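Engineer: Using the sequences provided together with the hints, build the complete structure.
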Amino acid sequence: MLLIHCPYCEDSLPELEFTYAGEAHIARPADPSALSDEEWRDFLFIRTNARGPHYERWRHIGCGRFFNAIRDTVSDRFLTTYKAGEPRRPLTNEAAE
Amino acid sequence: MSRYRLQGKGRVDHSAPVSFTFDGKTYQGLRGDTVASALLANGVHLMGRSFKYHRPRGAVSAGSEEPNALIGTSRGAGRFEPNTRATVQELRAGLVTESQNKWPSLSFDVGAINDRAYMLFSAGFYYKTFMWPKSFWDKIYEPVIRGAAGLGKSPTEPDPDRYASRYLHTDVLIVGAGPAGIAAALAAAQSGADVTLVDENAEMGGSLLSDPAVLIDGKPAWDWVDAQLGRLRAAGVRLMTRTTAIGYYHQNMLGLCQRLTDHLDSPPKGAPRERMWRVRAGQVVLAQGALEKPLVFDGNDRPGVMLAGAAQTFLHKYGVKVGDNPAVITSHDSAYHAAFDLADNGARVAAIIDTRESPRPDLLDGARKRGIEVLPSHTVTTTRGRLRVKSVRAAPVRGTQVGTGRDIACDCLLMSGGWTPSLHLFSHTKGTLAWDGQTFLPDRKTEDCEIAGAGRGLWGYADVLADGAAAGLRALEGLGRAGHQASFTVANDRPGSGVSHTELPTDGNAGKARAFIDFQNDVTAKDIRLAVREGMRSIEHVKRYTTNGMATDQGKMSNINGLMIAADALGKEPPQVGLTTFRPPYTPTSFGAFCGYLRGETFQLTRKTPIDPWAEANGAVFEPVAQWRRAWYFPKAGEDMHAAVLRECKATRASLGIFDASTLGKIEVAGPDAVEFMNRMYTNPWTKLQPGRCRYGLLLGEDGFIRDDGVIGRLSPDLFHVTTTTGGAARVLTMMEDYLQTEWPELDVWLTSTTEQWATVALNGPNALAMLKPLVEGVDWDDFPHMSCAECTVAGLPARLFRLSFTGEVGFEVNVPARHGLALWTALIEAGKAYDICPYGTETMHVLRAEKGYIIVGQDTDGTVTPGDAGLDWAIGKAKKDFVGKRSLSRPDIVAKGRKQLVGLLTEDGSLLQEGAQIVLDPNQPKPMKMVGHVTSSYQSTMGHPIAMAVIEGGFDRMGETVFIPMPDGVRKAKITSTVFYDPQNERLKA
Amino acid sequence: MMTSQKHDFAAAAIRIEDAAPALRLSLRVKPAHRDAVGRALGLDLPARVGQRAQAGDIQALCLGPDEWLIAAPEGAPLADAARAVYADAPHSLVDISDREITLRLSGPAVLDLLAACCPRNLAAMAVGSAARTVFDSATVILWRDGPADFRMDVWRSFAPHVRSLLAQAQAEIAAGL
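Chains as they are written, first to last, in the UniProt record's numbering: chain Z, 1 to 97; chain F, 1 to 991; chain W, 1 to 177.
Among the clues, some could well be false.
Stated by the list, open to error - Now the stretches of chain F that chain W is said to cover, found in silico as 3 or more residues with beta-carbon under 8 Å:
{"#": "1", "region": "158 to 167"}
{"#": "2", "region": "593 to 603"}
{"#": "3", "region": "666 to 679"}
What the hints assert, rightly or not - To give an idea of the chain F side of the interface with chain W (calculated C-beta under 8 Å), a few residues:
{"#": "4", "residue": "LEU260"}
{"#": "5", "residue": "THR754"}
{"#": "6", "residue": "ALA818"}
Read the hints as simulated data drawn from the structure, not as lab findings. Fair warning: this is a prediction, and the values are worked out from it, not measured in the lab. Where is the CB? At the ideal position from N, CA and C, for every residue including glycine.
Structural biologist: In structure tokens:
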């Protein structure tokens with residue numbers, strides 16, 4: 001069981017208080033009707049399936065908020081977490097370690 | 001007095017005899033004994049038969065790593081456990097134990113024929129022997145193998161014990177309370193950190209309990225241990241005995257299994273048998289010590305052959321001399337001390353056979369003083385003795401030449417092949433290991449942990465204590481605290497070293513040697529070499545092919561020996577071959593400990609509505625729906641389910657039915673942007689819905705498939721009362737929150753779950769309005785048509801009243817604050833008596849809605865059904881530019897022909913179809929048939945014949961066609977119809 | 001000779017009681033309008049998750065960046081007060097008095113009781129704070145009112161399960177092992 005840092009509660013809390021919510025930074029297109037079938041398909045279904053650092057979303061039961069995280073899918077370590085709506089965090093050297 | 005018990009010796013209580021039985025015979029042991037030590041005190045070495053060859057076996061160790069002495073234990077009615085390690089199970093009054101894998105008796109076992117036929121059972125035998133003929137597998141091989149195999153027998157009764165769970169957060173967790181662990185705890189406790197010290201044994205002290213002559217800071221070892229434990233207790237350190245760290249997980253989370261009552265004569269009432277601790281530690285110190293390694297030679301598994309350190313432990317901890325006339329075979333200095341200690345306690349040591357050329361002079365002196373013959377540069381080529389070792393054959397070795405051996409009589413043989421650091425927990429963390437030429441040592445860490453003492457290859461108490469103290473201090477510093485480095489003076493220390501071997505050299509036929517590596521799985525050195533010859537290259541393949549290390553002891557004794565031999569056979573260095581993966585749990589752990597409280601009534605969470613007590617009192621049969629238990633139907637005396645449901649259906653259609661709909665999900669959508677939010681989430685248009693009116697809402701996923709539905713009321717311009725399906729409540733709220741928080745944070749609208757704020761009672765039937773009217777205040781009945789809602793009072797209770805129908809009859813849903821749910825229900829039952837009100841359950845609800853063709857999301861839809869597929873195009877706001885899922889409704893595969901569409905089915909012979917049954921167009925086509933759909937709902941109905949719904953490819957264009965449903969007892973014919981079977985014009989809703 | 005641990009079990013009492021029904025409101029408002037709604041309710045709404053504020057017998061707990069739980073005696077006229085500022089400070093105030101029931105858990109062993117099923121480090125939780133967390137598979141709100149004094153708000157339908165678990169843990173602690 002991991003400890004996950006909730007960027008809203010500013011505390012590292014047990015994984016049991018969190019749920020996974022899919023890949024991060026996949027914004028819903030502002031006007032879906034303007035998208036081609038292929039573009040819409042990609043939005044719906046195409047995900048990165050990263051080996052290593054992965055941008056993903058989690059939700060904390062405690063504060064009810066969705067937030068973003070970078071988690072290494074090999075080591076299962078959270079490299080960082082940040083609030084929903086914040087831009088994609090770059091992979092710093094220390095984060096990628 | 002037992003023959004082999006030494007008066008006054010050991011940590012057992014000589015004034016407290018404890019009786020127990022083994023294979024029906026009563027023995028006496030002492031308080032503080034294990035079953036193994038008590039049996040050995042009585043001269044019993046033969047404790048079981050091995051798994052594959054049924055060879056007689058005795059205890060080879062004195063601890064949790066024991067592979068041989070597995071027994072069945074019975075602690076009273078229903079409390080039988082197989083495969084208990086006799087070296088771990090503490091004696092308690094009345095304990096009943098039995099040996100395993102034997103028939104008819106332990107000393108004469110028919111299954112031992114396997115041992116004569118061992119050539120058949122070599123490595124990989126089941127992959128080879130039973131290959132042909134194929135038809136034999138099901139009928140002969142498998143049943144025979146299953147009958148013969150297995151370790152012990154399963155308990156036949158449910159486990160009557162309780163098990164507990166506990167979370168623990170601690171600054172420093174120290175695993176192992178031997179000298180290194182105690183020193184680490186002393187260091188870590190000095191600055192007031194929260195420290196937890198755990199040990200799997202009944203007592204703390206580790207190897208010091210087996211080495212009482214050692215002096216630390218001038219104190220005899222046992223006194224020192226007592227004093228330090230006192231200091232730790234005074235410092236507030238949590239001391240937990242009988243507590244095994246079974247697994248080491250991410251971020252310093254460890255699982256500890258604490259055995260609470262197995263050792264007690266009469267456990268306190270309510271006490272759990274075991275407790276699983278889930279510990280989060282800031283820092284971890286692993287001080288688990290090292291495990292002694294057997295030597296590999298022919299006949300190394302006879303009862304009476306045991307690890308030298310085990311003999312030392314039996315002697316000092318339990319006051320048990322394992323034999324009068326031991327011989328020793330060793331490649332490590334430590335076995336000399338076992339020999340010396342036994343000699344000093346009256347044993348006549350036959351010989352110390354040392355594989356090494358030049359044993360340490362002080363050890364040779366010690367042997368000489370005691371009159372013990374030492375045979376350096378010797379090997380053991382075989383042992384003799386049927387149920388107990390009688391002699392050992394020692395032979396000199398010159399280079400690779402084995403000289404003529406001689407038989408040395410003995411009644412036990414103590415062996416030591418050196419010590420393997422206990423790396424299991426460290427390996428759980430994916431920490432890397434380094435080979436030091438003899439064994440693997442911990443290398444690169446991945447967690448905040450320290451390894452101290454023998455666990456990282458140190459030997460001798462002075463080194464181990466200093467190392468433990470340093471590790472404890474580093475742990476403290478890891479917490480950002482400071483302390484000082486303690487030092488210890490040790491006298492009578494017992495440092496030592498040794499060498500590692502593959503099989504010991506032999507003058508016999510190596511091909512016939514029965515030199516065991518994995519005692520429990522009966523894997524021999526020859527099996528490992530055979531596996532390599534047959535092409536296994538990876539140690540993981542060798543392991544699986546031979547089953548080496550796959551027994552319940554997880555290879556604690558066998559892994560390194562297996563690796564050394566495999567590496568030798570492959571012509572590689574051991575680190576190039578590598579070690580197999582260690583996995584939790586460290587020792588066998590009961591299922592009960594993993595279950596904890598989650599059994600019986602708390603097996604899983606069961607939600608109950610406020611009206612549940614009435615249903616229970618009135619004979620409801622319940623069914624689980626999502627996490628809820630819901631009243632399924634209310635049978636009267638003599639009624640089966642079919643009769644009860646038909647009666648409930650007819651009563652509702654004829655007059656009035658009442659139904660507990662409290663489990664429906666409810667979400668309050670409030671705020672200035674509520675209507676905008678509703679427009680974006682649901683397919684339907686909401687802008688023009690007037691306050692006081694409601695509408696059926698359909699929710700899609702972004703992929704265009706139906707996710708949920710429900711009736712939604714607009715209570716005021718800024719306030720919607722949304723209902724969801726019972727199972728969809730949490731999912732829908734999460735989905736809405738997700739959009740709101742991450743896609744549309746600009747909207748001023750908020751969501752609150754009110755599922756449990758409201759108890760909901762549905763009234764349906766032609767008399768619903770007449771019955772309800774007098775109870776309601778605050779509703780303008782002239783302006784309250786079908787699909788209306790209002791805040792009012794019902795039976796004097798504050799209520800939200802909805803006029804809607806899920807049955808096709810005039811219907812209402814009355815919501816009152818949950819605490820009043822039962823009061824409302826009973827008031828309505830009372831008032832309804834004039835109309836023969838009939839309580840009904842979920843089954844009747846299902847039938848009545850199916851007759852009207854109303855879908856149930858999750859039953860008639862399965863995540864691949866679009867509104868179009870379900871005939872719900874009417875619920876889509878065509879003028880809306882966007883809503884969740886809209887774009888997907890024009891995806892090529894969604895608009896393609898031939899999608900499965902929801903239709904009605906009527907069987908030709910009037911039989912009831914089975915839900916889930918597959919549908920074909922031509923029953924005579926060759927198999928496998930082309931399946932065009934399946935039955936989603938099927939019921940006996942109020943119309944005198946069964947009805948069904950189904951999804952069928954192109955179903956809407958097949959109205960009136962006949963389809964076929966092949967069933968085991970014949971093919972059913974059914975006609976495709978509309979899904980609306982009852983009152984298609986909705987006349988009855990207008991009453 | 002055998003070392004053993006001794007505990008003082010007489011002190012390990014645990015009390016589990018039902019709290020009287022109270023008014024409970026879920027307040028949702030964006031940060032920009034927090035103070036305005038707070039003023040209307042007579043509360044200085046805390047901004048940090050887990051913090052509590054009290055004015056008279058009205059308590060507010062910050063559950064999330066835009067979510068507060070208001071607990072007050074039944075009949076407190078908070079809804080009307082909030083409605084008065086709705087136009088300028090839009091928000092949602094939903095009566096959830098009946099959604100949860102409240103258990104009072106107290107006694108010297110209360111942390112052990114809660115640790116049976118709650119993975120949070122509750123010993124580290126400040127007295128006077130609160131948190132939404134999990135107890136086994138139920139979401140609960142734990143209010144720490146004193147060192148050995150907790151309140152647990154649990155959804156009504158989950159209460160039988162939670163009570164049963166608490167009773168098991170209570171019996172286990174009473175057994176003294």
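Engineer: The hint names ALA818 (chain F) as touching chain W; please verify it with the least Cβ-Cβ distance against 8 Å.
Structural biologist: Given a least distance of 4 Å, the restraint on ALA818 (chain F) holds.
Engineer: The region 158 to 167 of chain F covered by chain W? Criterion: 3 or more residues, Cβ-Cβ distance below 8 Å.
Structural biologist: n = 5 at 8 Å, threshold three: holds.
Engineer: Taking a Cβ-to-Cβ distance below 8 Å as contact, does the region 593 to 603 of chain F have at least three residues touching chain W?
Structural biologist: Check passed, 4 qualifying residues.
Engineer: If you count the residues of the region 666 to 679 of chain F with a beta-carbon closer than 8 Å to a beta-carbon of chain W, do you get 3 or more?
Structural biologist: Per the Cβ count (4), the hint holds.
Engineer: Answer holds if the nearest beta-carbon of chain W is closer than 8 Å to that of THR754 (chain F); otherwise answer violated.
Structural biologist: With a minimum Cβ separation of about 7 Å from chain W (threshold 8 Å), the hint on THR754 (chain F) holds.
Engineer: Are LEU260 (chain F) and chain W close enough, Cβ to Cβ, to be under 8 Å, as the hint says?
Structural biologist: Hint on LEU260 (chain F): holds, closest Cβ of chain W at ~5 Å, below 8 Å.
Checked against the numbered hints listed earlier, the structure breaks none of them; every hint is satisfied.
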